[in-house]
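Chains as they are written, first to last, in this note's numbering: chain A, 1 to 262; chain B, 263 to 663.
Derived by calculation from the structure, the hints in this document are not laboratory data.
Remember, it's a predicted structure, so these values are computed and weren't measured experimentally.
The C-beta atom is built at its ideal place from N, Cα and C for all residues, glycine as well.
It is possible that part of the hints are untrue.
[As the list claims (entries may be wrong)] Just a sample of chain B residues kept apart from chain A, beta carbon distances all over 10 Å, derived: (1) Trp285; (2) Val298; (3) Trp302; (4) Asn369; (5) Phe416; (6) Gly419; (7) Leu433; (8) Gly474; (9) Arg483; (10) Tyr502; (11) Val507; (12) Ile607; (13) Pro612; (14) Tyr614; (15) Tyr621; (16) Val631.
[Stated by the list, open to error] Simulated coverage check for chain A against chain B, where a stretch passes if three residues somewhere in it have a Cβ under 8 Å from a Cβ of chain B: (17) 78-91; (18) 95-103; (19) 130-141.
[What the hints assert, rightly or not] Pairs of lysine to aspartate or glutamate, EDC-like flavour, derived with a Cα cap of 16 Å: (20) B:Lys544 x A:Glu83; (21) A:Lys149 x B:Asp655; (22) A:Lys77 x B:Glu534; (23) B:Lys656 x A:Glu136; (24) B:Lys656 x A:Asp132.
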Amino acid sequence: MERILDVTRLSMDFGGLRAVNAVDLTIGKGEIVALIGPNGAGKTTFFNCITGIYTPTEGDIHIQLPGSPRLRLNGMKPNRVTEKGLARTFQNVRLFPSMTTLENVMIGCHCRTRAGVLGAVLRGAGTRREEDGMVEKAYGLLQRVGLEKSWNEQAKNLPYGAQRRLEIARALATSPFLLLLDEPAAGMNPQETMALKDLVRRLRREFDLTVLLIEHDMKMVMSISDRVVVMEYGKKIAEGTPAQVSADPQVIKAYLGEECDA
Amino acid sequence: MVLTFPLLVIRVNTTEKIVTWRWENLLYMGLGSFAVSLVWPMLIARSRAGRTRNEPQRKEESAPPQKGLARWLKPGAIDSRAVLALKVLALFAALIYPLVASIYQVNIMASALIYVGLGLGLNIVVGMAGLLNLGYAAFYAVGAYTYALLNHHFGLGFWTVLPLGGVLAALFGIILAMPVLRLRGDYLAIVTLGFGEILRLVLENWNAFSFGPSGISQIERPGLFGMAFTVASATTYIYYILLGVIAITIFVTARLQNSRIGRALVALREDEIACQAMGIDKTAVKLTAFALGATWAGFMGVIFAAKTTFINPASFTFLESAMILSIVVLGGMGSVTGVVIAAFILQLLPEYLRFLADYRMLLFGLTMVLMMIFRPQGLISTENRRTAYPMMDKILAAGNK
Numbered sequence: 001m002e003r004i005l006d007v008t009r010l011s012m013d014f015g016g017l018r019a020v021n022a023v024d025l026t027i028g029k030g031e032i033v034a035l036i037g038p039n040g041a042g043k044t045t046f047f048n049c050i051t052g053i054y055t056p057t058e059g060d061i062h063i064q065l066p067g068s069p070r071l072r073l074n075g076m077k078p079n080r081v082t083e084k085g086l087a088r089t090f091q092n093v094r095l096f097p098s099m100t101t102l103e104n105v106m107i108g109c110h111c112r113t114r115a116g117v118l119g120a121v122l123r124g125a126g127t128r129r130e131e132d133g134m135v136e137k138a139y140g141l142l143q144r145v146g147l148e149k150s151w152n153e154q155a156k157n158l159p160y161g162a163q164r165r166l167e168i169a170r171a172l173a174t175s176p177f178l179l180l181l182d183e184p185a186a187g188m189n190p191q192e193t194m195a196l197k198d199l200v201r202r203l204r205r206e207f208d209l210t211v212l213l214i215e216h217d218m219k220m221v222m223s224i225s226d227r228v229v230v231m232e233y234g235k236k237i238a239e240g241t242p243a244q245v246s247a248d249p250q251v252i253k254a255y256l257g258e259e260c261d262a
Numbered sequence: 263m264v265l266t267f268p269l270l271v272i273r274v275n276t277t278e279k280i281v282t283w284r285w286e287n288l289l290y291m292g293l294g295s296f297a298v299s300l301v302w303p304m305l306i307a308r309s310r311a312g313r314t315r316n317e318p319q320r321k322e323e324s325a326p327p328q329k330g331l332a333r334w335l336k337p338g339a340i341d342s343r344a345v346l347a348l349k350v351l352a353l354f355a356a357l358i359y360p361l362v363a364s365i366y367q368v369n370i371m372a373s374a375l376i377y378v379g380l381g382l383g384l385n386i387v388v389g390m391a392g393l394l395n396l397g398y399a400a401f402y403a404v405g406a407y408t409y410a411l412l413n414h415h416f417g418l419g420f421w422t423v424l425p426l427g428g429v430l431a432a433l434f435g436i437i438l439a440m441p442v443l444r445l446r447g448d449y450l451a452i453v454t455l456g457f458g459e460i461l462r463l464v465l466e467n468w469n470a471f472s473f474g475p476s477g478i479s480q481i482e483r484p485g486l487f488g489m490a491f492t493v494a495s496a497t498t499y500i501y502y503i504l505l506g507v508i509a510i511t512i513f514v515t516a517r518l519q520n521s522r523i524g525r526a527l528v529a530l531r532e533d534e535i536a537c538q539a540m541g542i543d544k545t546a547v548k549l550t551a552f553a554l555g556a557t558w559a560g561f562m563g564v565i566f567a568a569k570t571t572f573i574n575p576a577s578f579t580f581l582e583s584a585m586i587l588s589i590v591v592l593g594g595m596g597s598v599t600g601v602v603i604a605a606f607i608l609q610l611l612p613e614y615l616r617f618l619a620d621y622r623m624l625l626f627g628l629t630m631v632l633m634m635i636f637r638p639q640g641l642i643s644t645e646n647r648r649t650a651y652p653m654m655d656k657i658l659a660a661g662n663k
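With the rest of the complex left out, here is chain A (with noise of 0.2 Å):
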């Protein structure tokens, strides 16, 4: 399998704490590759470090695309490591609440176009072109995580189970190869996992995805994912297929606690 991504060594420290300590990552073409620990693992902290939010204090993150060079992605700005086609959903839901669907998933359009000030105030054909374009794109986007009845309503007026499939087509508008999910599918009920999951699969077929996860959810870890990957206190501890991590001591200490011999 092509790798795309490839993280080694990755640190972050925050004053004297270490939240990612050399933790190493290989993601290939077309994973859905899930990253699970209990709370504080420095899961998120992982993903900020990857797109751009923070800058790792050691370690690298390359991506690496058939056909173009090697890329290092440390201390790039978030904005830019989305141009490179990395795209992220958050952990607490961070929509732009009081702009529509439609306008949502728009804004993810944003690093994929080019009208200027001046094409706004002259909108000439090329700028009407390319908005309307935008428009088409955004539209289908919401066609495919089924929010396309509501593109005119104002973000914060949706179910949160819809707010968090916005979140996806909103990434997805950002036209990336790899998607990052941090926590898809808190809050969800089971129906809505489920139907989450079968959505993350249809849209990695259907645009060619790569998908790395954050998730609690373990039936939902397990069903959808290629790999898992396990932290706890920043460092990795366990990897390999569902079925593996699952049978793996170390794994069942971090999330049970030890057993007692007494």
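Chain A is fixed; fit chain B onto it per the hints.
Chain B in isolation, oriented as in the chain A frame:
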């Protein structure tokens, strides 16, 4: 009552060295506060009731079938033709105004129009991008001084300097934006406030450059192909220039709002981190917002200098910035119509309330307090505004076939 006692009841007459005790004022105060305390809870209760009344309505709106009355309650359901007619009427009234009104009235209206322009400019920064700017008058000053100085030293005309003033103000906008890129909210407000004061103090104290507090006088009025104007016709001319510039401003802001850049500005206001994660260059967008906002202040500054023919730093105090900001807040952040209306209210009301001279600032303050309590979103709320996307109509029409 205790607090206002020394102010209202005791009057010290310094020339005759006597103290007058105005006990009757105490009675008025008591009666007044009693009345307010009666009416106050009632108003609060009404505003609360209004809010709860509105909630079920909102739910009705989201339900798909809308017939009869419900359709009329929907925001934006007011006939667009009626709105257009109103706009045409307003434009017509604005155009014939100098023909029917006295020169004094035209002058007042021109001053109000300057504030419309300033409000619309600040609206881009504060209303759309959510960057609280308390030093906006500084850019206004940049425009005014650009014209005054270039005219004084090099005799450059109004039309040459108008674009120059805009560009220079934009440049200052970028200079200010550079160091404050990381700041937001209160911190940003404080730095912009400081910037405004610094600029004013420089103008006040750098005598060699700006002629200090005495200012610059005898600035040329705008000319029209070398024609000389009387004071009256010059005022009318300025009025029309302003009208034209405001029309352009409204056009530009409206276009901007419904564009890629405009959406990026709003996204920046709503969530900065998500905005960046969606591939929007935060730095570029902030610089754009500051530069755009400052440009209009620059234009208005040039026109202001040409209109009054005299400027000094006292015209660009913090009070000026606060006034422009109140226009934006009162009008409703991000709403073009709201800002225009608010600018007229805040500028014309004090003018026509001159007979209440002693109390007009009091009334002004009262209005602001009442607004904040009963309509914090401003006169015209942008909450439920929807942008029309022609492409969407096409898609939906195609889908229905």
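Quick rundown of the hints versus the structure:
1. Trp285: holds, 54 Å
2. Val298: The claim stands: Val298 (chain B) keeps its Cβ more than 10 Å from every Cβ of chain A (closest is about 35 Å).
3. Trp302: holds, 31 Å
4. Asn369: Check passes; 31 Å lies beyond 10 Å.
5. Phe416: holds, 29 Å
6. Gly419: Its Cβ never comes within 10 Å of chain A, the nearest being 26 Å, so this holds.
7. Leu433: holds, 15 Å
8. Gly474: holds, 37 Å
9. Arg483: holds, 29 Å
10. Tyr502: The claim holds: Tyr502 (chain B) sits with its nearest Cβ about 22 Å from chain A, beyond 10 Å.
11. Val507: holds, 14 Å
12. Ile607: Non-interface label stands for Ile607 (chain B): nearest chain A Cβ at 25 Å, farther than 10 Å.
13. Pro612: holds, 33 Å
14. Tyr614: Per Cβ check, Tyr614 (chain B) is outside 10 Å of chain A; nearest 36 Å; holds.
15. Tyr621: Tyr621 (chain B) clear of chain A: closest Cβ-Cβ about 38 Å, beyond 10 Å.
16. Val631: For Val631 (chain B), whose nearest Cβ neighbour in chain A is about 26 Å away, the distance exceeds 10 Å, so it holds.
17. 78-91: holds (count 7)
18. 95-103: Contact hint for the region 95-103 of chain A vs chain B: holds, 8 residues under 8 Å.
19. 130-141: holds (count 7)
20. B:Lys544 x A:Glu83: holds, 13 Å
21. A:Lys149 x B:Asp655: Since the Cα atoms of Lys149 (chain A) and Asp655 (chain B) sit roughly 13 Å apart, the hinted pair holds (cutoff 16 Å).
22. A:Lys77 x B:Glu534: holds, 13 Å
23. B:Lys656 x A:Glu136: Within the cut-off at roughly 10 Å; holds.
24. B:Lys656 x A:Asp132: Holds, because 10 Å separates the two Cα atoms, which is no more than 16 Å.
The structure agrees with every numbered hint stated previously.
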